[in-house]
Amino acid sequence: MSPALTKNPSLTREANLVSRRTALSRYMRASWAIAWRQLRVMVSNPAFLIPSILMPVFFFSAFAGGLSAISEAPNFDYPDYSTFQYVFVLIQSAMFGGVFAGFAVAADFETGFSRRMMLATRSRSALIVGYALAALVRATIVWVIVTALALATGASISPSAGEVVGILLLITLVNVAALLFAAGMAMRMRTMQAAPLIQLPAFLIIFTAPVYVPRDLLEGWVGSVADFNPVTAVLEAGRELIIGAPAEMLLAFGAAAGLMALTAVWAVTGLRRAERAAS
Amino acid sequence: MSAGAATVPAALPRERTGTLTQIGHLARRSVVRTVRQPAVIVSSMVFPLFLLAINASGLAATTDLPGFPTDSYLTFFLAVTFMQGALFSTMGAGQAIAQDIQLGFFNRLQLTPLRGPALIGGQLAGTLLLGVVQATGFLAIGLAFGADLEAGAAGALALIALACLVSIAFGSVGLTIGLRTGNAEAVQGAFPLLFVFLFFSSLALPRDLIAQDWFQTVATINPVSYVIEAYRSLLVEGWNGEALALGALVAVTVLVAGVTAATMALRTRMERT
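The listed protein sequences correspond, in order, to chains A and B. Under my numbering, the residue at position 175 of the first sequence is numbered 175, and the numbers go up by one with no gaps. Under my numbering, the residue at position 68 of the second sequence is numbered 68, and the numbers go up by one with no gaps.
The set of hints was computed from the structure by calculation and includes no laboratory data. Idealized CB from N, CA, C, for every residue including glycine. Some hints could be false.
What the hints assert, rightly or not - One-sided and incomplete, this derived list gives chain A residues near chain B with beta-carbon spacing under 10 Å:
#, residue
1, PRO51
2, ALA69
3, TYR81
4, LEU197
5, LEU200
6, PHE203
7, TYR212
8, VAL213
9, PHE228
Can you make the complete structure from the sequences, with help from the hints?
What follows is the structure in structure tokens.
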């Protein structure tokens, strides 16, 4: 918690409450200012939005279209390959939505904008919250487009309202965790040279999960890594939820929340480093 | 004879060198630049090998499909790494010329009696070197991890020769993009577009096993499918003249089109400069 939001023993209870409300209001204003700026940049410069939309659409078309014959392999026990890939693409777009937002953090540090923002607000974690809000809005746009494409191409999506909420919560956790990781790296390096170091771990963690086939059909080293990969639990839970057959939910939500907690620590320590470098 | 007159003849006449000599000078520069950037060579090899490692394991179940041509998905997918390497060559060539334009080297070249074909040929020399290193590396690593090479030792040479041809063919496309845009970031921006050609091809499955009709049609129209199938024929089948001829034909067509487009872009760029 920012010092501005904590209780001050020298003030009366009422004054403390007012002070904390004011601090919270300032915190939210700073977050919203960052988020609003990011969204304006996205709208005014489609080059920032289009790749994050095209990439999932491209992966969905290429995988669901080109690899659907794999569902005829012995022991492939998922009802529909388009749906199987749709869940992967949802999670991938959640993750890369966060990664792309991390590039913006790195660019803002490189140009000096973040340094000026750090001078303008006492609660610097509000900056991260702002980037996270913008990343979530961008990811939501992508999810709507990918879902429309999946429905249009005949994916069998049949979850209940509760299961939809479950999927949304899972992908939101993944999006925020990816943003926190990317922001942590960006604030440590404070240059766009950080881009490969942000992108590569995201690629590694998602592509060592059961992307193309269920885990039982994975062979070799990817099969071994997938057993310990937290994204495996998230992906499998998403695939269960989307066809209305939830099973291993606790593990998936625990894995997603655990990833978010770890990356939050990573982002906050990155922010402290950036503060020290700026002072 | 005055002192001034004595020095002028030595300084003024511009030395007319042959196109081959000019190509040699620029090729040397291009090769040296490639060698001095080991990160470019390594990154253009790491990403294809990473995709190979993931897919050889993740898509191994595909070999159980009836009619799949081999029981080793590693062998089947190894062909794709060569094509991916060529796409990295495209970007490398495009970025090199774009940087030359951005940094002013191109303007300085304009002051010399340099011929257009020399610039294009010279720039492609670095791409060719990258192609040789990539192809040899991909093949050695693939074989070390248990991939098959049905065409034998002569097949290895044919594979490397084809990879070189494909690298300079796609490198000429990169040169065109670089000359047209004159901006390294814009060249980078074209990268996803090139990957569309790779992913909408017979990359992961033989064309006759692709279940979706629309995808099968796209893969059949896509010239990249034929290049991948040419590489794949040497690895999986042995010597398949038709597959090799089709792959080579696609590469030569891309090369001719790419060099023509690059020459036109160069002419426009020189007029503009």
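Verification of the hints:
Below 10 Å, beta-carbon pairs count as interface contacts, and PRO51 of chain A has one with chain B at about 7 Å; its hint therefore holds. Here the hint on ALA69 of chain A is kept, as its CB sits about 4 Å from the closest CB of chain B, short of 10 Å. Here the hint on TYR81 of chain A is kept, as its CB sits about 8 Å from the closest CB of chain B, short of 10 Å. Nearest Cβ of chain B to the Cβ of LEU197 of chain A: about 13 Å, over the 10 Å cut. The hint is violated.
With 10 Å as the threshold, the beta carbon of LEU200 of chain A comes within range of chain B, its nearest partner Cβ sitting at about 9 Å, so the hint holds. With its C-beta approaching chain B no nearer than about 8 Å, PHE203 of chain A sits inside the 10 Å limit, and its interface hint holds. Interface hint status for TYR212 of chain A: upheld, as the beta-carbon distance to the closest one in chain B is roughly 5 Å, under 10 Å. Nearest Cβ of chain B to the Cβ of VAL213 of chain A: about 5 Å, under the 10 Å cut. The hint holds.
Interface restraint check: PHE228 of chain A against chain B, minimum CB-CB distance 15 Å, threshold 10 Å, status violated.
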